[in-house]
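Fit the two chains together into the complex; they arrive one by one in their own frames, and the hints show the way.
Line order of the protein sequences matches chains P and Z. According to this note's numbering, the first sequence is numbered sequentially starting from 146. According to this note's numbering, the second sequence is numbered sequentially starting from 455.
Calculated from the structure, these hints are not laboratory results. Where hints are given, some of them may not hold.
Said to hold, decoys possible - Dumping the calculated PhoX-like pairs for lysine-lysine here, alpha-carbon to alpha-carbon at most 20 Å: (1) Z:Lys-542 with P:Lys-353; (2) P:Lys-616 with Z:Lys-501; (3) Z:Lys-526 with P:Lys-345; (4) P:Lys-389 with P:Lys-187.
Here the structure is a predicted model, which means the values were calculated and not measured.
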Amino acid sequence: MAKKIRREIHHTKWVGAILAGILIVVLIVTFTSKKTNKHNTKQIIIGMTQEPNTLDPLFSEMAVSFEGLGLIFEDMVERDDAWNYHPRLVTEIPSFENGLVKRLPGNKIQVTWHLKEGLKWADGTPITPEDFIFTHQMIMDDRLPVITRDTDRRIEKMEAPDDHTLIVTWKEPYAYYILGHTTLVPKHIVEAEYKKNPEKYHESLFNKKPIGNGPFQLTEWASGSHLIFERNPHWTGPQPIFEKVIYKFITSTNALESNLLSGTIDAISPIGLSLDQALDFERRHGDKFAFHYKPALTWEHIDCNLDDPILKDKRVRQALLYGANRQMISDVLFQGKQQVADSWLPPKHYGYNPKIKHYPYDPDKAKKLLEEAGWVESTDGIRVNNRGDKLRLTIMATAGNKTREQTEQILQSDWRKIGIDLEIVNQPGQVFFGDTMRHRKFKHLALYAWMMSPVSDGEGLWTKESIPSEKNNWEGQNNPGWINEETNKIDHLVPVTLEESKRKELLHQQQVIWAEEIPALPLFFRSDISVTPKNLENWKMTGTLTPITWNAETWKFAN
Amino acid sequence: MLGYLSRRLFQTLLILFILSIVIYYMLGLMPGDPIDLLIGSNPKVTKEDIVRLKKLYGLDQPIYIRYFKWLKQVVLHQDLGFSRTHKKPTSELLHGRLVNTFKLMLASFLLSLLIALPIGIYSAIHHYSKSDFIISIFAFIGISIPSFWLGLMLMALFSEKLGWLPASGMQTIGIDSLSDKLKYMILPTISVSVQSIGYWVRYMRSSMLEVINKDYIRTARAKGLDEEVILFKHALRNALIPIITIMALSLPGLVSGATITEMIFSWPGMGRLLLDSVLSTDYYVAMIAFLLLAILTMASNFVADILYAVIDPRIRISTHA
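Pulled out of the complex, with its shape left as it was, chain Z reads as follows (with noise of 0.2 Å):
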């Protein structure tokens, strides 16, 4: 086991290392520079500020040198850089969006779980029913649904005309209770969750209804076991197997795919994050957030192969090359 833990840990660092180099080129890529920019909006910045600034920011020096310039900060002093654009520390900024997208992509899991795994074990049990056809009706509409639009529409109804909740934010100013805060997580929740539940739980129906019509649970069936046992003993444990590479592969998107919603209700997360350093050009942070996103996907795989062991006593992680 320590020896496939250290493999993947290596394999981890190694991709890190390759991604780092290929998206610090990529930003280095991007039209405009920084300085650049601020010169489009200021017509009294002169030539002399702008060699200097450049010069201040290391941005005369060639893309490679740069790069190296920031490994060595990031790998020997543990300094992610200072955000041009928001004026703090890397690190100090990442860690308030990466609780506060944690928070909400927590939530959103959560919920898309307790809701799109009954109905879509449901669903396959009564397949071709009349309650299969109108939540295969709702899956696809969830599916279909821009999660922008449906945030739009949450808060013209619940907030405009009703006004039971908030409009945007996460908490309100003065006020710091646990309900205040769950108040404001509804509707963004909500507009996340909608769209991974109507995946999963189509996901769930296929994967529960190729599995219920198995052999074995045709057996077990035969053996006169009880219909909860065969259900959730049997055949939810192997149905689960493909709807584990999904959920743990939707992770990542999850943070990335957040960002419109974080946009529409002002939730400050790290897809907004991400989307204002790539357009500011605010390389440090930039930087940072891809290898985030990066170091998730990897952990959510690892923990998908480490899932699939403890549901499927067939799948034993090996320990040989």
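Bound-form chain P, shown alone (with noise of 0.2 Å):
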């Protein structure tokens, strides 16, 4: 007995050291590290949830990217976040008043830049017109794997007279030659990488150490873990406040709430939190932080499928937006945060026409719109046509987006009340956009969303040219596949309208239709969320693709 009540406690003792051991270890670590959240005012750290998968501005494409390049890429107009426009690298926008646009024969246009004195790469050598027409000559080349040329293939030469001047003739008029030449790269740095082997030129370091001529240039990337940027000596411009901006790498938002929660991130970047996280993150912990809230561009709509019998008939399309509360929705998912939309253009557009038809919601007319439309009530409360066919639609959208599922529940139980009975048929990301919508597959309503820009014009939108075909590769988003000879003619002559006024007229005149027809159920334009400490100042976001770092040698925390 003895002998085991001491094998008993040998036994206990020895488990025990073990687990003791590890816990000693654990707190030894934990305690005897450095803490490191205390507060510097000489630098930012922000997190964010994805990580650019390149610098270089030929091959960027995605958002997160775009907030890397503000800090290091200075763009030759710069978009504010009242949607202004400032000569950044030149002394003067273009303009026909300034003499600087001029018309051509053979409906050409010439724009005439001129680039301010002093202008410096982040390595001091001097940035001249030679940069741009080399970048242009990237852009157009077929063996580097630039995303999309839109804007290059409209020009038909770049000269540079001198080291400060750059003359771009177009081959048409073409209304957006105000935003100037956004991509940039440096000659004297890339040409030899180029020269040497183009197919390979986007494996290129330049895509991880690329130098730049903004306020910042970038000293350390960290791959899945951070970058830093620090001020760059050859800026022209006004001095940075911050030292080093910091962009922290934090793919789950609850990780991202708790570092900011812990100090070791000082904010969240528009590229973290969604609307419902941000509303709940500001529910528990509103009185530490700023929440900043700025509606922006992405159209959250929903597209119907013009080729549908059901669908074909507009009054079945009104009584659809007349039979859905959009406004409870924004209210309830979103606190009223989320802005109702009435076009395919936003409030702040230049061409947004507040005069259209609104759909305020309004049961009894969808009702009455149904059953002119042919389709009546039934006992088990779902409309019947004279054929005797059920009023069954069929809505698509990303599986486990939880707003957008929120929104079509919502939305189910809406046109269930004016009798119509709506099947939730969701996919994953990649069937719903490579696929399903990539070939018009859907049988009837597609809720997602589209990045609209201050100069969408819905060329590539709403013309008969756009509907996806296999005839056209595909090409064209017009994913309602709605045909207006009308509107048609409109969207094909706003592009190359130069003159505002008559732009804004023509887009205008294309809402009045657009809305009356509603090829798409337009719900919310969606607001850019970010969080930061109330005393940082001068964080301006602009709700647009021009990023949050537009202005970033203007912040700092006030004392």
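Here's what the structure looks like:
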């Protein structure tokens, strides 16, 4: 008996010793490390959920890349948070009034840009018009996987009569010449690598170690962890107040919140929390941080497949919109912070027409329209037509997107009240975008979003040439398949109309017709969200693809 | 032995070849190639852009031609390709990620081993006692807790509330010390390990319990051998055989299973890379990541076979076919 007890004590001891050993190691490591969350006023650490894949402006395609590019590259013309244009690399923005834009024979235009004196790359080499010409040549090189050449393909030639002048001849009038030539790489750095092997140039080191011309330069890129940007000594603009801007990649939004609460990061970038997550976070910790919400250009909508006999009838489409309580969805799901959309253009867009037809929640009107369209009430509450077919529709969206799934459920309930049975069939994002939408395979309705811009004009969205089909290699984004000869003309005319007032008039006309026809049901314009310390100044979201870093040199902590 | 090794190597290569065909074909079957997905997110991409980009990435060719081009590139030029989404050579990308996952996997494996085996043995020796009952309850709790939930709870407690441990990442920016790195490993390691500890405690207990009731253990006790010798020399060696198989087979699972933990703790490892590469149809990276998992599975099986022979003298590796 005594031996058994001894043995038991002995065994208990060594199990206990191992566990105690592990605990001691954990405690030592926990408490011996230096506390690092001390607030450093000379730098800001921003958390974001994604990592850019490249910072070479030639190949950047993600919004997350634009945040980094905003720090290290300066554009010819900058659009601020109020969407006003400012000359940055140039002395003034060309216009007919200042004589820097001219019409040429053959319906061409010529635009002259004057670069500011003393502009330099981050290595101290002067920036010249040759850099712009060289960048344009690279963009047009078929051997480089540049994503889109929509702007550059319209350029006939670029010339540099001197070290500060760039003359651009456009093949046809192009309204958005005003944006300047936003992609720019330093010729003296990339030329050798590019000429040595153009096919492999996109694999060059410039992807990860770009030399720019902005207020900051990239000094460290730890893959999967962080990016460090430090002041560019050759920057000729106002000296940045922060010495460093650090981006930390935190893929999980829960970890993002924990990092902010524990002081490991100072702010959460607009590429971080979704609106519902931000609202929830604000409810819990609203007193500790500043929460920024900015109406943005992401247009959440439902495409109607107009090839379908039910949805071909515009009265059914109008009934769907009258029968959807969009304001209630915004209030319930987004605390009213997601603006209800009436058009495909946001109210802040210069071409938005506030006088178009509006569709407030009106189930009685919806029912009346359905009656007129031949869909009458039946005993089970689902409307039927004269052939006895039930009014059943299918809606598709990306599976796993919580707010979209909730929106679908509310719509299902709203439309049931007016006699429409809605079936929800969601798919993984890859299937939905890569196959269903790309090949117009959605049966009735598809809920997703388009990213608009301050210069969106509808040419790619609503023209008959933009209906994806096998014939055109599934090109274009007119997924509803909407054909309207009048708007077709307008949509083609807008991008080649140079005067903004005329473009505005055209867009107003287009929206009047669009709002009557509603080939897609407008839902909301999403808001951009970010979280910062309460004492951070000059943090101004734009709501556009112009990144939050557009004015990073002015960011500072108030005393 | 040499013959055995060459046979195993030949088998491995053959399996890898067949697997590479299957994986490549299945990746090709996924809806939407990288360019299709790009069009969905950028309304400015034109027909000309689609044709040009598909040609540049070789996506305009049939899948079998793409496969053989890839195979030639890997086998003849030892070039694993360039990651389209990460804009980095696949080999460079995988190297860093593999090392990170290995660190997490090793820490988790050792922690599980150090905790689960002694507790499992203790539980078996004291079967049906109060302590065995308590250990079993905790083991079942460990098995039942989803690692992602545990990760979130640990983060909420140790990072948000107490502020003792960092919430995510691998090290503090600007600090390069071992203690700092270890501090970052604690929460993800615990999160990955808890489930395996639960399982391994139960396996160890059952295996040990089976052995200590065998006739030869009873005979050893009757001979008056010391209890320590009976337990650790006779019983444990026999009880370890099934445990080795389970542990060896769980190694690849630790890599792929750590995906969620890596996501939660922003740990840049293989699991996260594999998921990202499949979702973004980054074929080169996905292919190599899948094949590495296959190699790991086969290698861990091979190690298990060798360990059997080391632990049990009755098992000998046959040098004949």
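Do the hints match the structure? See the list:
Under the criterion of a C-alpha separation no larger than 20 Å, the hint pairing Z:Lys-542 with P:Lys-353 is consistent with the structure, at around 9 Å. Annotation: proposed proximity of P:Lys-616 to Z:Lys-501 holds, straight-line Cα distance about 11 Å (limit 20 Å). A threshold of 20 Å between alpha carbons decides the hint, and for Z:Lys-526 with P:Lys-345 the separation of about 18 Å falls inside it, so the pair holds. Between P:Lys-389 and P:Lys-187 the CA atoms are separated by roughly 7 Å; this keeps the pair inside 20 Å, and the hint holds.
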